[in-house]
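Asker: What follows is each chain in one-letter form.
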Amino acid sequence: MSEAKVGDVTERPREQWTGQVGFILAAIGSAVGLGNIWRFPGVAYENGGGAFLIPYLVALITAGIPILFLDYAIGHRFRGSAPAALRRLGGKWLEGLGWFQVMVAFVIGLYYTAVIAWALSYFVFSFDLRWGDDPATFLTADYLRVGEPGLSLEFVPSVLIPLVLVWVVTLVVLGAGVAKGVQRANVIFLPLLVVAFLVLVVRALFLDGAADGLNALFTPDWQALGDPNVWIAAYSQIFFSLSIAFGIMITYASYRKRRANLTTPGLVVAFANSSFEILAGIGVFATLGFFAFQQGIAIDELEGLTGVGLSFITFPAIVSQMPGGPIFGALFFGSLTMAGFTSLLSVLQVVSAGFQEKFGLTARQAAIRVGGVSAILSVLLFSTTTGLLALDVADQWANNIGIVASAVIMTVLVLWVLRKGSELRYHLNAVSTFKVGRLWIALVGGLAPVVLGYMLISRIVTLTVEGYADLPAWYLVLIGWGTILVVVVGAALLTLLRWRADPMRFSAWPPYPPSAAPSSSPPRSTTGGSTGGAS
Amino acid sequence: MTGIAIVFLMLAIVLVWGGFVASTLFLIRRPDLVSFPPGGEDDHREDEAPVERDT
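If you read the sequences in order, they're chains A and B. When we follow this note's numbering, the leftmost residue of the first sequence carries the number 991, and every step to the right adds one. When we follow this note's numbering, the leftmost residue of the second sequence carries the number 3, and every step to the right adds one.
Hint data in this document are derived by calculation from the structure and do not stem from the laboratory. Glycine included, each C-beta is placed from N, C-alpha and C at the ideal position. Careful, some of the hints might be misleading.
[What the hints assert, rightly or not] Partial selection, computed: residues in chain A whose CB lies under 8 Å from chain B:
#	residue
1	W1212
2	Q1213
3	A1214
4	L1215
5	L1295
6	G1299
7	T1375
[Said to hold, decoys possible] Stretch by stretch, here's where chain B covers chain A in the computed footprint (C-beta under 8 Å, at least three residues):
#	segment
8	1264 to 1270
9	1416 to 1422
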């Protein structure tokens, strides 16, 4: 299995999920991540409370689900990781876009692991409430030992050890392959996450002040609906939450068999992801209501309602004040770890699959070689005293510029330049039980690039003009724009390298246009099958 | 909780969780198409497929 293949004509049959349920669980595991727990509740609260439901659902239906279907269609029709599938769809330039997506996933994998390592540490800390009375100081001074912005090689052992552990487990899972590794991990951790989080939410609902928290989250502020920024916040929440447009869903869909229902499972995945967000909103705000009640203040006087602040400062403070706090803390940080881990697997599968296909590697070889490099970089960058700052900045740029740019470029190239909308719509409808109309093309080709393009440009302007988090400009150029530069240069180099096996030895099924090629024999030429190659 | 907050809590649950339940039921009723275009048969081999070498 570790032997390299000889020649450029042999191909292995593609790895597959064991079935529809396996795929759905893995796709939900990918979509449900840290953002569902620490981002959605705060975003909903700050953007109209109950009224946010309207732009949120509109964004889900007009952009989230349509782009999800676009990813599915590309990955499933062209049966490859992002570079291979996009190469087959539109040639070398699109392969470059695929590698851009792989590189963004590569960068995200470096720091996402670190956040999971923190969550894992805090899971352990929960049992003796190690953060004491001042979780903010504990996080930055005692746990992360945050230094000045810069690059340091001063390692922090309390981060280093869990980070190495997370990498080892992740690479073992990736090396075991799609069905035996990624799917199996999701089948275990996703149900466990749902149960743990449900217990947490039910407990939170019985805390004093929980009702006040829910009032704050669900009371609608109708004026918010007139604010364009609220609508942008809804589109961006949906967009980032669904793991779309940076290769994940292309890769995951490529492991489905050819005769597989795409759109209906897609609806299940999209609504499951949003269902978890609503559940997280209820749990987080019931808990915040308790915190405000304890301190005798109103919810709107609380700080740290999203992101790292919510999870690693506000929640520890709450846990310390709660009867049975250690159990609540363990449930929260355990959930965070599991939600993050299943998403991490999908992010790194994008990288692994890209390298496997271009360079003829097995899953295990890719996990050891590419994953090994990732692990070393991740440890060097994010387990040092400068890790938190680097992570925050890299995340801003990779997400808000990297992923959004990838989405805009993909929709414009695929729908406008190559005009593949009809073919992809035909593909979705040829295999799926939920049919999509021409409106789908209008949404992914029209609305999506406009809204996402606006998000991209306004973010670039803000980051350029105002900077970020009061950090020095040289640092933002080095870590922020440097991240984008690494992604672009990496994508260009990887595109130029030679394929181990010609990706164009492939015919898409079903043929399009349908009447032109009444196929009588299965187009199996691509998968080599048992015939192997030329002998 | 206030009345209006309860209404919106229920609305969120009905619309989003309802969407999840409805799409799941739709999938259970129609898990796969009955007929496909010709071709597209996979030889399903679970997980790591054997490496094929030229002889």
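Asker: Run every hint past the structure and note whether it holds.
Answerer: Against the structure, the hints come out as follows:
For A/W1212, the suggested interface contact is broken, since its CB lies about 11 Å from the closest CB of chain B, more than 8 Å. The restraint placing A/Q1213 at the interface with chain B is violated, with a minimum CB-CB distance near 15 Å, outside the 8 Å limit. Interface restraint check: A/A1214 against chain B, minimum CB-CB distance 13 Å, threshold 8 Å, status violated. Evaluation of the A/L1215 hint against chain B yields a violated restraint, the C-beta minimum of about 13 Å exceeding 8 Å.
Residue-level restraint check for A/L1295 is violated (minimum Cβ-Cβ distance to chain B is 17 Å; threshold 8 Å). Below 8 Å, beta-carbon pairs count as interface contacts, and A/G1299 has none with chain B, the closest being about 24 Å; its hint is therefore violated. Using the Cβ-Cβ criterion of 8 Å, the hint placing A/T1375 at the interface with chain B is not satisfied: the shortest such distance is roughly 41 Å. Figure legend: the segment 1264 to 1270 of chain A, annotated as covered by chain B; annotation consistent (4 residues with Cβ-Cβ distances under 8 Å, at least 3 required).
Requiring three or more residues with a Cβ within less than 8 Å of a Cβ of chain B, the coverage given for the segment 1416 to 1422 of chain A holds, as 3 such residues are present.
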